[in-house]
Amino acid sequence: MGKMMNRPSNPPRRDISNAPAARKSAYGALDETYLPGLAAGLWVTARHFFANMALHLLGLVHPAARRRAAVTIQYPEQQRRLFPRLRTLHRLTRREDGSPRCVACMMCETICPALCIYIVATEHPDPNIEKQPESFIIDLGRCVFCGFCVEACPEDAIRMDTGIVEFSVRSREEMVYNLRELLSHEQVDRNVTVPLHRPEMRV
Amino acid sequence: MLVSLAIVLVKVVVVIGFLLTFAALLTWVERKQSAVMQDRVGANRADIFGIRMIGLFHPIADGIKMLTKEDFVPAEADRPLFILAPVIALFCALAAFATIPFGDYVRLGSMKIDLQVAKVNIGLLYVIVMLSMGIYGVVLAGWASRSNYSFLGGIRAAALLLSYELPLSASLIGVVMLYPSLELGEIARGQGGLLFGFLPAWGIFVQPLGFILFIAAGVAATKRIPFDLPEGESEIIGYFVEYSGIKFGMFMLTDLVETVVIAGLAASLFLGGWQFPYLSDVGFQFPGGGFVAVGHPAVVILQVLSFAVKVAVLCWFLMLVRWTLPRFRYDQAMKLGWLFLFPLSLLNIVATAAVVTWAR
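Chains as they are written, first to last, in our numbering: chain A, 5 to 207; chain B, 242 to 601.
Since the hints were made in silico from the structure, they are not lab data.
All values derive from a computational prediction rather than experimental measurement.
C-beta atoms are modelled at their ideal positions from N, C-alpha and C, and glycine is treated no differently.
Please note that a few of the clues may not be correct.
Unchecked claim - Per the computed footprint, the stretches of chain B lying under chain A, defined by three or more beta-carbons under 8 angstroms from a beta-carbon of chain A, are: (1) 278-289; (2) 303-313.
What the hints assert, rightly or not - Some residues of chain A that are not near chain B, with every Cβ distance over 10 angstroms (derived): (3) H66; (4) R91; (5) I123; (6) E134; (7) H189; (8) Q191.
Turn these sequences into a full structure, and let the hints guide you.
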């Protein structure tokens, strides 16, 4: 304490801890050589290599070991089960008589942030129902799969529960789905457990 | 005369075939090994008539792809140099293997054929020089493309390889002092003895520091991760940014051939080259006193196999390094080379010299 009191009063020092000359390593001299870090890293990957390699070799006689050797899902042959609430390709629901449930209220078209829904409304023959869509187009090239259209719909007329996730096509025109196509999509059957197709995994 | 020329030609064909096959296999090893290290399966989709062969057809698919892609030369590029650069790079990498012995000798009738393309009494210097010459290809590629990114990559390559040449060469001087020769076959032969009566007198056991330094500098010489500053694929792409098709393929192949050369050099200098533990010219001489006679052809096969296995193991290790470590920052790489590897290799020289002098 006394020592500090006797110290001559210096002007406040500039913080030069970040200046290049003053930068001091947070590591010891050994760590500065990178060697311990290198060895630790190599140990982790080598351990994984040998453990997985042993499982792969074991898999030659015992398929279960092979499955544990890699977390890979061999996609087209093996598929993951879709989460029930996953938003997949759209569909338009139908009434009892098969006509679209949609009343062309434009709610979905209005809320769509990607502006990918185009509806042309027309008179419905039934006087109790105000309107029906003459055309209902979803441009999947623009769709962001936010699901707002499903949320906005007052008639439960549009849903994203088809379970269809593979719909890549080769042209922009094919990405445009019309009323007939949207009505033809079916709800994925949740009662049937999707078989996890697992052929012999090839390494 | 004509016979010896034919023998040399056969050896050239064999060695270049071995190098290119090994390098092509390394692309497969690279994919598969990284996959196994990362709990994945790895490339396995290339098939011929439905046969997949655990992805072994991928190198072939790569080759076909590289050969059939558009071979583009930028309008502003220096055309002759642009075309010459990958040729120089690949030539130097392939030629560097010429003095590395892959076996002792074969007796054919009265002829004694050394199992190395060129028995040069400065073989070690030749390999180092050829590895350094490879810089020309890289720098020329960077310069001839007339692209700022490739130019930056070329400059980085020059700086990196110059900085790591010193520790690379200096780390070998200890070995040269202990097995007093610059001829790689002679050095390999010198490692045939035993230490303490049971340990093979390989360079790694008498020069452990030299081995570590050499591997570190050798990884830098191959320009691969963690020393891929010339490439820096996440930001500057590097000296081959303007290259496409087979010319790009040649640069990729160069890196892999250099990996094999570094592995071959390390095997010759530090792992006894073609020496099989306890195997002499006539048979196994075990330290306990047992002796198993082995015929000459079997000895040759065992020696070549031994060399191939050592190279393969070293390649595996280099791949492990490449798929484990992130890239050094430019200043870190320079610091590591000049302030750590180079002084340590000097220390290694002085210590080895002191021991050699004292022992004499």
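Legend entry - Unsatisfied constraints (hint numbers, rising): Failing hint: just 2.
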